[in-house]
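J.: Next come the chains, spelled out residue by residue.
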Amino acid sequence: MSEHLTILPILLPLIGGVLLLLPPLATTLERQRYAALTVAVLTLLSAGLLLQQSQTEGIQLYVLGDWQPPYGIALVADRLSTLLVLLTSLLGLVSLLYACAGDDRTGAYFYPLVLLQVMGINGAFLTGDIFNLFVFFEVLLIASYALLIHGGGKQKTQAGFHYVALNLVGSSLFLFALGILYGTLGTLNIADMSTKVATLTEGERVLAKAGGLLLLAVFGLKAAMLPLHFWLTRTYASASAPVAALFAIMTKVGIYSIYRVHTVIFGENAGELAFMIQPWIWPLALLTLLAGSIGALASPNLRELTANLVIVSVGTLLVSVAMMSEAATAAGLYYLVHSTLVCAALFMIADLISHQRGKAGDRFVISRKVRQPALLGVMFFVAAMAVAGIPPFSGFVGKVLLLQAAQNATEMVWAWPAILLSSLITIIALSRGGTTLFWRRSTDKSQADPASGWHIAAVVLLLLGAPLMVVLGGPITEYTAAAAQQLHQVPESLHLLLPGGES
Amino acid sequence: MEAVYAACVGLLTFSGVFLCLRGRTFPVVLGLTLLSYAVNLFLFSSGRLKLDGAAILGTSASYTDPLPQALVLTAIVIGFAMTAFVVILAMRARADLGNDHVDGRLPPQPEVPQRRKKEHA
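Chains as they are written, first to last, in this note's numbering: chain A, 1 to 503; chain B, 504 to 624.
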């Protein structure tokens, strides 16, 4: 069993999702709920076990059909990918919990789609082959297209068409990049590519560079990097709350792919092509931070504000990518986990607030009081402090680690003001929004129902991450440091990834 | 052969990009389809163009790289599914929003003041 553990986080949601479409489970919503929750818990368990296994036994290579790499399809579970698989499985479970309160009634096939989306994201994290990265991207995208318009309505359709058209163009670019890279390197296995890239001739090197930069554009589109981020605000703000929470990990898939491709393939050992994206990614990262911050100040409601905070977190993560060092990657990983959990929580809190404020929704206008001001207020306060990076919560630790990772004066001059300024703007935007939502109100009583237990359980589970990531800060930073080391020191793990290879 | 092939891919990509930038959903869908055709041809050529080569060893004197063919097959299947989805979405957008503009609303039309005057007179 343990030898097949690597593929379980992909297989379990796939089988679960398909079974949910078939009669015994598909007939009632009740059965769908419990079956989906069971599958999500099992996926989470397998992800936890996989993390444990890759921690104790080193990188796990799973070769499908026993076609040894670089020829067959390989799954690679190292520290980085197992951490993100665990995060995705947790987020999937929480989003299902939240939906159990009633969001699942507003459209068909909610549970199968969420499970298939989790499968796609887990697959994208686990694959060791860049073409399968494309395939899993498509799996997660097609599930996300359907999830985005879950619930229906004009706004969702409108945002949905933009999102789908942009991502289809992105997929075409991805394939162009893969064609170029296969034409020059002759392989699509990531570990194998990393050994071949240093041996290219002058002419091939130009082509490989074009391919690598095209990949950056594609991953930048998924991650919402600056000139490609315009789709994000409207898409995330119009999606229903559990879907938006699940989407919080989607931008991180783009960031992960940049880490993987541009550190392993075009990293230190790439000869002339080493760190070729660095001149591009520095200005883009800083401008993304700036654009996200301005967007946050200009947002008319909490959902759009949160969507802009997702862009800010992407900008911060891109700064960690741009530094291209082990310490920066380690800090980035910590920040990635924290920002995913908190942004997901904020989307759910925005939904709860908008339910309880009647017509005004989550817009920043004077309106009736929310039904449960104490509960929602505390939740909002904790999430806002964590996302802005105020101690004692996880955002503070993540940002401090990132600031410490800046090693020379040039990096400090650019990274420190950008990160600190964006934190300040986040605080301003959130405190302005929060005071309007909770304190500036009319005398009307709220007629809405109080939040259900499912809702509170989901939000509390996500928010628990903020203090827990500080309490367990020691082990977590040790883990992310080890994961970053594994990512950066490619040659040391090559004998595991390419058994019997010529290198 | 290479020049014609490259020109075809280039022309398809050009048309695809041009149509993707149009304002109505139908040309955009067509543009996406053309782009996916271009990309399929491009992927096929990444294993080098070769005449009379079999993709299976031992069946002919020269052989060709089978991997790009497998990749193209995967890309075609995925592209087909995505096109089907985007067609349905575009039709739903037409029904939900009342027009077929990609932004969901028509850009302001230029007014024709002279004709109105005539009607009043």
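None of these hints come from the bench; they were simulated from the model.
Watch out, some of these pointers could steer you wrong.
[Said to hold, decoys possible] As a list, the in silico DSS-like pairs of lysine-lysine whose alpha-carbon atoms are at most 27 angstroms apart:
id: 1; chain 1: A; residue 1: K154; chain 2: A; residue 2: K209
id: 2; chain 1: A; residue 1: K154; chain 2: B; residue 2: K553
id: 3; chain 1: A; residue 1: K209; chain 2: B; residue 2: K553
id: 4; chain 1: A; residue 1: K196; chain 2: A; residue 2: K209
J.: If a hint holds in the structure, say so; if it does not, say that too.
T.: So, going through the hints one by one against the coordinates:
1. K154(A) <-> K209(A): violated, 42 angstroms
2. K154(A) <-> K553(B): Roughly 50 angstroms between the alpha carbons, so the hint for K154(A) and K553(B) is violated.
3. K209(A) <-> K553(B): holds, 25 angstroms
4. K196(A) <-> K209(A): holds, 13 angstroms
Taken one by one, the earlier hints fail for this structure at numbers 1 and 2, listed in ascending order.
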